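Novice: Next come the chains, spelled out residue by residue.
Number of protein chains: 2
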Amino acid sequence: MKAEIISIGTELLLGQIVNTNAAYLSRKLAELGIDLYYQTTIGDNSQRLVQTLRKSLIRSDIILLTGGLGPTVDDITMEAVANLIGKPLILNRAILKDIKRYFLSRGFKPPHGNDRQARVPEGAKCLRNKVGTAPGLIIEHLGKVIICLPGPPREMAPLFEDGVVKYIRKRWGRGAVIRTRTIKTVGLPESRVNTIVKDLLELTPPTTVGIYAKLREVHLVIMAKANTEKAASSAIAKVEKKIVLRLGKHIFGYDDETLEDIVGWKLIDKKLTIAVAESCTGGLISSRLTDASGSSKYFIMGAVPYANEVKIKHVGVSADTLKRYGAVSRQVALEMARGIRSIMGVDIAIAVTGIAGPTGGTPRKPVGLVYIALVAEKRRIVREFRFDGSRKDIKWQTSQAALDIIRLNV
Amino acid sequence: MKAEIISIGTELLLGQIVNTNAAYLSRKLAELGIDLYYQTTIGDNSQRLVQTLRKSLIRSDIILLTGGLGPTVDDITMEAVANLIGKPLILNRAILKDIKRYFLSRGFKPPHGNDRQARVPEGAKCLRNKVGTAPGLIIEHLGKVIICLPGPPREMAPLFEDGVVKYIRKRWGRGAVIRTRTIKTVGLPESRVNTIVKDLLELTPPTTVGIYAKLREVHLVIMAKANTEKAASSAIAKVEKKIVLRLGKHIFGYDDETLEDIVGWKLIDKKLTIAVAESCTGGLISSRLTDASGSSKYFIMGAVPYANEVKIKHVGVSADTLKRYGAVSRQVALEMARGIRSIMGVDIAIAVTGIAGPTGGTPRKPVGLVYIALVAEKRRIVREFRFDGSRKDIKWQTSQAALDIIRLNV
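From first to last, the protein sequence lines stand for chains A and B.
Numbering of the first sequence is given in the numbering used here, commencing with residue 658 and proceeding in unit increments.
Numbering of the second sequence is given in the numbering used here, commencing with residue 658 and proceeding in unit increments.
Next comes chain A alone, as it looks inside the complex (with noise of 0.2 Å):
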């Protein structure tokens, strides 16, 4: 079973938006155990689209579309489809019936463009949107399938979830299943991991591992194919376990745990309270921090003191110390996470103070150059780092650091 998916609009060729909707079709196709091999965007055009549907239905069996079934005259794809199977555009009158409610529902009067969108290829199933006016279609032709959805991400998701997985479920029951377990790791540059794993890395399928860089960040996602979920667990299990002795303290979470999930879980799991105090990141850390829902059990208080005379008057650095070291030192790091532990008493504290950028650096003291501190009863730690990128660059990766400090000392 192979599938494809071809992503329909100008606005993606002119790069205006990013094209989630591949990402999360791809996502969706291998928990179904369906190969995906082709992903396609082309534009408004119906030649092209004609063109490319032919070549996709020769090399693949399902053909997914999103896009182009707006009520406007770039709405290309349901013309383009009859035209390709032979079928004529028929009036679906249930399809009408619910795009005159859908504006009844909201106050409006139906434009009239909208017959448009009402109007399908002959013997197409479709699929009801509950939030927009596109219906997704289902279209059997010669023994492949042609599926066609909205291209707003939260109309397309819903009938996917619905409508689409329960026909591929119906008609080819449930294939090979694809499981992938993707391990996350901070505080090895890619290179390192890469060599660590490498002979994993050479592994040839069904069983695979490949490997991702983020900006401090680097995951292993092993994917494993197989005939039952157990198989593909039991596959995966056996390659996480090599990878988890390997890289030990350096693997934070699974799948789609972030970092903070992970400190959040740490701080509520031992009961600990925590305070930040963070210059250079302006927020970000106690953003993050606060992300995840429950979080008021374990985050007191996020300060930003930017202003020198804010790390004095609130958050407990003394003058003198500033003036000895500048406000760029592990000196200052320390006194602003001692002084915020204080004053607010609680378990720990964490301090950032850094040079984010692009302005502000010297050659003593360069952009990305930062310092975290972390307090706590019995701890007292101070890191100097040295990043490089853009602002916001430095500022995420000093939250990963961070964030990684407080998670291998809580």
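These are calculated hints, taken from the structure and not from any lab test.
Don't take every hint at face value.
Below, computed lysine-lysine pairings styled on PhoX-like, alpha-carbon distance capped at 20 Å [as the list claims (entries may be wrong)]:
no.: 1; chain 1: A; residue 1: Lys-855; chain 2: A; residue 2: Lys-928
no.: 2; chain 1: B; residue 1: Lys-1049; chain 2: A; residue 2: Lys-712
no.: 3; chain 1: B; residue 1: Lys-980; chain 2: B; residue 2: Lys-970
no.: 4; chain 1: A; residue 1: Lys-766; chain 2: B; residue 2: Lys-970
no.: 5; chain 1: A; residue 1: Lys-954; chain 2: B; residue 2: Lys-754
no.: 6; chain 1: A; residue 1: Lys-927; chain 2: A; residue 2: Lys-895
no.: 7; chain 1: B; residue 1: Lys-1049; chain 2: A; residue 2: Lys-1049
no.: 8; chain 1: B; residue 1: Lys-1049; chain 2: B; residue 2: Lys-1035
no.: 9; chain 1: A; residue 1: Lys-970; chain 2: B; residue 2: Lys-787
no.: 10; chain 1: A; residue 1: Lys-954; chain 2: B; residue 2: Lys-1049
no.: 11; chain 1: A; residue 1: Lys-1049; chain 2: B; residue 2: Lys-882
no.: 12; chain 1: A; residue 1: Lys-855; chain 2: B; residue 2: Lys-766
no.: 13; chain 1: B; residue 1: Lys-954; chain 2: A; residue 2: Lys-871
no.: 14; chain 1: A; residue 1: Lys-970; chain 2: B; residue 2: Lys-766
no.: 15; chain 1: B; residue 1: Lys-787; chain 2: A; residue 2: Lys-1049
no.: 16; chain 1: A; residue 1: Lys-882; chain 2: A; residue 2: Lys-871
Using C-beta positions, here's what the derived DEER-type ranges look like [claimed, not checked]:
no.: 17; chain 1: A; residue 1: Arg-711; chain 2: B; residue 2: Thr-885; range: 36 to 46 Å
no.: 18; chain 1: B; residue 1: Lys-754; chain 2: A; residue 2: Lys-827; range: 58 to 68 Å
no.: 19; chain 1: B; residue 1: Thr-915; chain 2: A; residue 2: Ser-950; range: 43 to 53 Å
no.: 20; chain 1: A; residue 1: Phe-760; chain 2: B; residue 2: Asp-1045; range: 16 to 26 Å
no.: 21; chain 1: A; residue 1: Lys-787; chain 2: B; residue 2: Asn-884; range: 41 to 51 Å
no.: 22; chain 1: B; residue 1: Pro-846; chain 2: A; residue 2: Lys-827; range: 52 to 62 Å
no.: 23; chain 1: B; residue 1: Ser-848; chain 2: A; residue 2: Asn-1066; range: 43 to 53 Å
no.: 24; chain 1: B; residue 1: Asp-977; chain 2: A; residue 2: Tyr-982; range: 25 to 35 Å
no.: 25; chain 1: A; residue 1: Lys-927; chain 2: B; residue 2: Pro-810; range: 30 to 40 Å
no.: 26; chain 1: B; residue 1: Asp-1045; chain 2: A; residue 2: Lys-827; range: 27 to 37 Å
no.: 27; chain 1: B; residue 1: Thr-885; chain 2: A; residue 2: Arg-750; range: 48 to 58 Å
no.: 28; chain 1: B; residue 1: Ala-888; chain 2: A; residue 2: Thr-729; range: 19 to 29 Å
no.: 29; chain 1: A; residue 1: Lys-827; chain 2: B; residue 2: Ala-888; range: 17 to 27 Å
no.: 30; chain 1: A; residue 1: Asn-1066; chain 2: B; residue 2: Phe-765; range: 45 to 55 Å
From a predicted model like this one, the values you see are computed outputs, not experimental measurements.
Backbone N, C-alpha and C fix where the C-beta goes; we use that ideal spot for every residue, glycine too.
Put chain B on the given structure of chain A with help from the hints.
Specialist: Here is chain B on its own, set in the frame of chain A:
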């Protein structure tokens, strides 16, 4: 001049990451006046890459490939391209030196695998990568051009900007020009913007307008194709004038400007200082306000007074108000703003209190209920909002609303 983009990477076909490179390169090609009709994504498979390349070389003049240039066996681009054009892979000593220097400067021993990245197809022009090890390649073949760039966006973008753009301009001069202008609005839902500019959305080439909804932001993108920069700019200006007239104050910025950029510039321009007390947004507003270089001119202090006692002790909220109205109320939002303004001695204070969810809501105070207060010398504003979506969605929309209130009242 027709271009085509091929993105290489199994992680893309598995939906592990979203293809931002394709969006980026598409935008850049449009700016260069080069038509783009196809974007294709394939996995780390040499055979399929060769097949896809062969087809592309027939229908396009410039083929841009991203990915597959890393040091592992999964990285198949150089080999496949060399294969296709019938040239051997040759060790490029300058690139090898670059790679060694890259590792040494970061305190690492150059690993063995990286000779692979220095073996390039004979005759390829190399572009030196300053933030990674994979070189960019420009290969001329039978009147066409194959351009290979690394997958990681932060490596790909500079190589494109510096090396590829120069090459394209040198070789083809400036062809037809495609210019775009993005107009960004906040505060109006997409359907409303759509209605207001409906006729403009129906314009046909060479000047068109697209509408793109983000979270609490709607963008209108005017695209004009013409023979000269001047003609394109003029066509855009005509449409822009109409949009500005109709959308007025809802427009906050253009092109790459973010809402926080605009707020920052206004504060700098008027020489105002600001402090933030944000509960449910957890530091996100402070983080956004400090994303702009130079934010130390206006940003004095941010506080994330999560726990109620912290609101009382450190932000000036009265225990009585908290008891009577609850933490999520107009009254507490206002006291937080007044409190932090008074404590920090700033010109403007913004405060936020709300329920980000997914837990914590009640029938009277549901998830998504947020109060934002702004206090300045002669201004005192408190607004209630009801947002929906995930916790991160609610945090983001709240930060948008807060920044917009500052924007409109500074």
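Novice: None of the hints should be skipped; say for each whether it holds.
Specialist: How the hints compare with the structure:
At most 20 Å may separate the alpha-carbon atoms for a hinted pair to count; Lys-855(A) and Lys-928(A) exceed this at roughly 39 Å. Restraint check for Lys-1049(B) and Lys-712(A): the C-alpha separation of about 41 Å exceeds 20 Å, so the hint is violated. Under the criterion of a C-alpha separation no larger than 20 Å, the hint pairing Lys-980(B) with Lys-970(B) is consistent with the structure, at around 14 Å. In summary, the hint linking Lys-766(A) to Lys-970(B) is not supported, as the alpha carbons are separated by about 53 Å, beyond the 20 Å threshold.
Distance restraint check for Lys-954(A) and Lys-754(B): the Cα-Cα separation of roughly 52 Å exceeds the 20 Å cut-off, and the hinted pair is therefore not satisfied. The suggested pairing of Lys-927(A) with Lys-895(A) is violated, with an alpha-carbon distance near 31 Å, which exceeds 20 Å. The straight-line distance between the Cα atoms of Lys-1049(B) and Lys-1049(A) is roughly 19 Å, inside the 20 Å bound, and the hint therefore holds. Taking the CA atoms of Lys-1049(B) and Lys-1035(B), the gap is about 33 Å. The hint is violated against a cut of 20 Å.
Taking the CA atoms of Lys-970(A) and Lys-787(B), the gap is about 42 Å. The hint is violated against a cut of 20 Å. Between the alpha carbons of Lys-954(A) and Lys-1049(B) the distance comes to roughly 18 Å, so the proposed pair stays at or under 20 Å and holds. For the hint pairing Lys-1049(A) with Lys-882(B), the CA-to-CA distance comes to about 33 Å; that exceeds 20 Å, so the pair is violated. With a CA separation close to 17 Å, the supplied pair Lys-855(A) and Lys-766(B) stays within the 20 Å bound.
For the given pair, Lys-954(B) sits about 32 Å from Lys-871(A) by alpha-carbon distance, which is inconsistent with the 20 Å threshold. Only pairs whose Cα atoms come within 20 Å are accepted, and Lys-970(A) paired with Lys-766(B) is rejected, the gap being roughly 45 Å. A threshold of 20 Å between alpha carbons decides the hint, and for Lys-787(B) with Lys-1049(A) the separation of about 19 Å falls inside it, so the pair holds. In summary, the hint linking Lys-882(A) to Lys-871(A) is not supported, as the alpha carbons are separated by about 25 Å, beyond the 20 Å threshold.
Distance hint for Arg-711(A) and Thr-885(B): a CB-CB separation of about 38 Å, consistent with the stated range 36 to 46 Å. At roughly 59 Å, the beta-carbon separation of Lys-754(B) and Lys-827(A) lies within the given 58 to 68 Å, and the hint holds. Thr-915(B) and Ser-950(A) have their C-beta atoms about 27 Å apart, which leaves the hinted 43 to 53 Å range violated. Taking 16 to 26 Å as the suggested C-beta distance range, the pair Phe-760(A) and Asp-1045(B) conforms, at roughly 21 Å.
Checked against the hint of 41 to 51 Å, the C-beta distance between Lys-787(A) and Asn-884(B) comes to roughly 47 Å, which is consistent with it. At about 37 Å, the CB distance of Pro-846(B) to Lys-827(A) disagrees with the hint of 52 to 62 Å. Taking the beta carbon of each, Ser-848(B) and Asn-1066(A) are about 50 Å apart, inside 43 to 53 Å as hinted. Evaluation of the 25 to 35 Å hint for Asp-977(B) and Tyr-982(A) yields a failure: the beta carbon distance comes to about 43 Å.
Distance hint check for Lys-927(A) and Pro-810(B): the Cβ-Cβ separation is about 37 Å, which falls inside the suggested range of 30 to 40 Å. Range check, Asp-1045(B) to Lys-827(A): about 33 Å between beta-carbon atoms, so the 27 to 37 Å window is met. With their beta carbons about 51 Å apart, Thr-885(B) and Arg-750(A) fall inside the hinted range of 48 to 58 Å. Taking 19 to 29 Å as the suggested C-beta distance range, the pair Ala-888(B) and Thr-729(A) conforms, at roughly 26 Å.
Take Lys-827(A) and Ala-888(B): their Cβ atoms lie about 56 Å apart, and the range 17 to 27 Å is violated. Against the hinted window of 45 to 55 Å, the Cβ-Cβ separation of Asn-1066(A) and Phe-765(B) comes to about 25 Å, which falls outside the hint.
In summary, the numbered hints that this structure violates are 1, 2, 4, 5, 6, 8, 9, 11, 13, 14, 16, 19, 22, 24, 29 and 30.
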